[in-house]
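If you're matching them up, the sequences are chains A and B in order. Going by our numbering, the first sequence runs without a break in its numbering and finishes at 334. Going by our numbering, the second sequence runs without a break in its numbering and finishes at 334.
There could be a bad hint or two in this list.
One copy or two, it doesn't matter: identical chains are merged, so the pair holds either way.
Unchecked claim - Okay, derived cross-link-like pairs now, DSSO-like style, lysine-lysine, Cα gap no bigger than 30 Å in a straight line: (1) Lys230 - Lys244; (2) Lys4 - Lys292; (3) Lys204 - Lys230; (4) Lys31 - Lys289; (5) Lys289 - Lys41; (6) Lys94 - Lys289; (7) Lys289 - Lys69; (8) Lys69 - Lys332.
Calculated from the structure, these hints are not laboratory results.
Protein chains: 2
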Amino acid sequence: MKKFINNPERVVDEMLEGMVAAHPEYIRKLEGFNVLARKNAPVIGKVALVSGGGSGHEPAHGGYVGKGMLDAAVCGNVFTSPTPDPILEAIKAVNGGAGVLLIVKNYTGDVMNFEMARDIAEMEGINVDYVIVNDDVAVENSTYTAGRRGIAGTVFVHKIAGAKAETGAGIKEIKATALKVISNVRSMGMALSPCIIPAAGKPNFTLLESEMEIGMGIHGEPGTHREKIRTADELAAQLMDKILEDMSLHAGDEVAVMINGLAATPLMELYIINRRVHDILKQNEIKIYKTFVGEFMTSLEMAGCSVSILKLDDELKLLLDAEADTPAFKVI
Amino acid sequence: MKKFINNPERVVDEMLEGMVAAHPEYIRKLEGFNVLARKNAPVIGKVALVSGGGSGHEPAHGGYVGKGMLDAAVCGNVFTSPTPDPILEAIKAVNGGAGVLLIVKNYTGDVMNFEMARDIAEMEGINVDYVIVNDDVAVENSTYTAGRRGIAGTVFVHKIAGAKAETGAGIKEIKATALKVISNVRSMGMALSPCIIPAAGKPNFTLLESEMEIGMGIHGEPGTHREKIRTADELAAQLMDKILEDMSLHAGDEVAVMINGLAATPLMELYIINRRVHDILKQNEIKIYKTFVGEFMTSLEMAGCSVSILKLDDELKLLLDAEADTPAFKVI
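Work the whole structure out from these sequences, hints included.
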């Protein structure tokens, strides 16, 4: 296992120390919990947004804590849901009196633990609601999921619901906007190589040198099938076929595009994928409003990528363009 | 070779098409040349900044074209200097009448070709000057270099000279500021795995499963030595020892830190490295003004990282904090 780590059991703690050291102007760590909170939280009168899940997907979710996105990120062990305790602490730490919206990726453990934390917080008198992101069109059920998985499209939910919260909107309105994003976004990924969970010390699956996994999840969960690696154009088309099949997009519609690297894939290759994704959208007379290319929701050191397409309307465009200032996502 | 590409000979062209498709609000490509220019260039009366070099280091340098950084990036083939022709075209395209400053990493081919382009541009009546970045303390001479190599510290030169140019400063002043950054910045890197140049189709060096290369360059050039992989803390200390040995830093001095991923290394590991780098600086009573953790100057799909330390003064702090709005580097 070739990694820049010290103790495999302490990678999340040490990563969080390194994150807080790097970005004290944005984030602080809650004493005794693996929670990163916005430095100036709670913001009185603003609905607070809390997300999180297993670690190993950085910059998700700690990198998105800051103005115009999240108020807190709860960081579980690698690929492991955080327990209700730290989620509850996050809710209490960032609640500014206007309520807290939880943004949860659809994994059984996350859904269960975020719901449990919500129930306890509500009993303590905090108004908490939640949305579940399930943007991955690859498979209907998976290793850790009943229903579709939540992957990189979640970052659009953070950005747009975060911008809505900054406008002073109430929790119901923000939830409605978040649900619109969820219903409008579709993603799908593919992997060229596995990743190694530090505490396990060995790859979580194996692929032949000529092989790739189509539709795999961000924890290395199986996708739809394996096949011989093909050209970037063919692979982009394969992902887009499945995504577009699942969306109701018509000529003249506007979308945002996210080409997400899972970690080891160079930007060069992501841009080559983006080139073909743009061509396909143009052939379908879909207008591309904004494109994001980079690493937004990773999977340790896995080589691979995902494509997310978000259908926009005037409200979503305005919120997508609103200023965001976080360690890993900035819109000026 | 597992890569998302189509034709190994066309990776740079297709990447640039994908970049322009992704970021039309920032960049345009010069017709017939692999040059990305700022969309609104030339900016009349502003000194223009041009950088570039071989491709495969993305987001360097095309990702840094935009407000507060570069006016153009010249993109050679993978790990190959661009010829004087596209450099000359870049100079002509972005010259706003106040002159053009070239920011060149210290590789023999780059220095020769940028100098040649400068000579021709000067004969055509354009005021062109240049600076050479040589921040890598690992080795004194290397495969492609007489003297020290230029690596991730170059991004600090782009940021700070770019901010200076936005103030309306003249070319001599901007050059002086760029030279101050160059004289104040030191970097060093290490690699866990090689990378594969697409046209070659095989790794450019080999490392055993337990082995790493200390001080290697961003093209896989040899560093100081190979050794068994150690803990992140030990490795961070090894890089910092060599960097600090070469800098004149005293208790109370302020620095900016850049922890740069070479591509395949997850953010998690970069933050674990950052944690120790901060500890070492604090032990030396050095104040950390700002920290950047991410992928700034990569090497295709190589696993590894570099650390850069920039000694600051009041001018450099002000310029580092100035707004920058480019595809890959934003300061709000």
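Structure-based check of all given hints:
1. Lys230 - Lys244: within (18 Å within a copy, 45 Å between copies)
2. Lys4 - Lys292: Between. Shortest inter-copy distance 29 Å satisfies the 30 Å Cα cut-off; intra-copy 37 Å does not.
3. Lys204 - Lys230: both (23 Å within a copy, 18 Å between copies)
4. Lys31 - Lys289: Between copies only: 21 Å across chains, 41 Å inside a chain, cut-off 30 Å.
5. Lys289 - Lys41: between (38 Å within a copy, 20 Å between copies)
6. Lys94 - Lys289: neither (42 Å within a copy, 33 Å between copies)
7. Lys289 - Lys69: For Lys289 and Lys69, both the intra-copy (28 Å) and inter-copy (26 Å) Cα distances are at most 30 Å.
8. Lys69 - Lys332: Both, since 9 Å and 14 Å are each at most 30 Å.
Figure legend: structure checked against the earlier numbered hints; the only hint not met is number 6.
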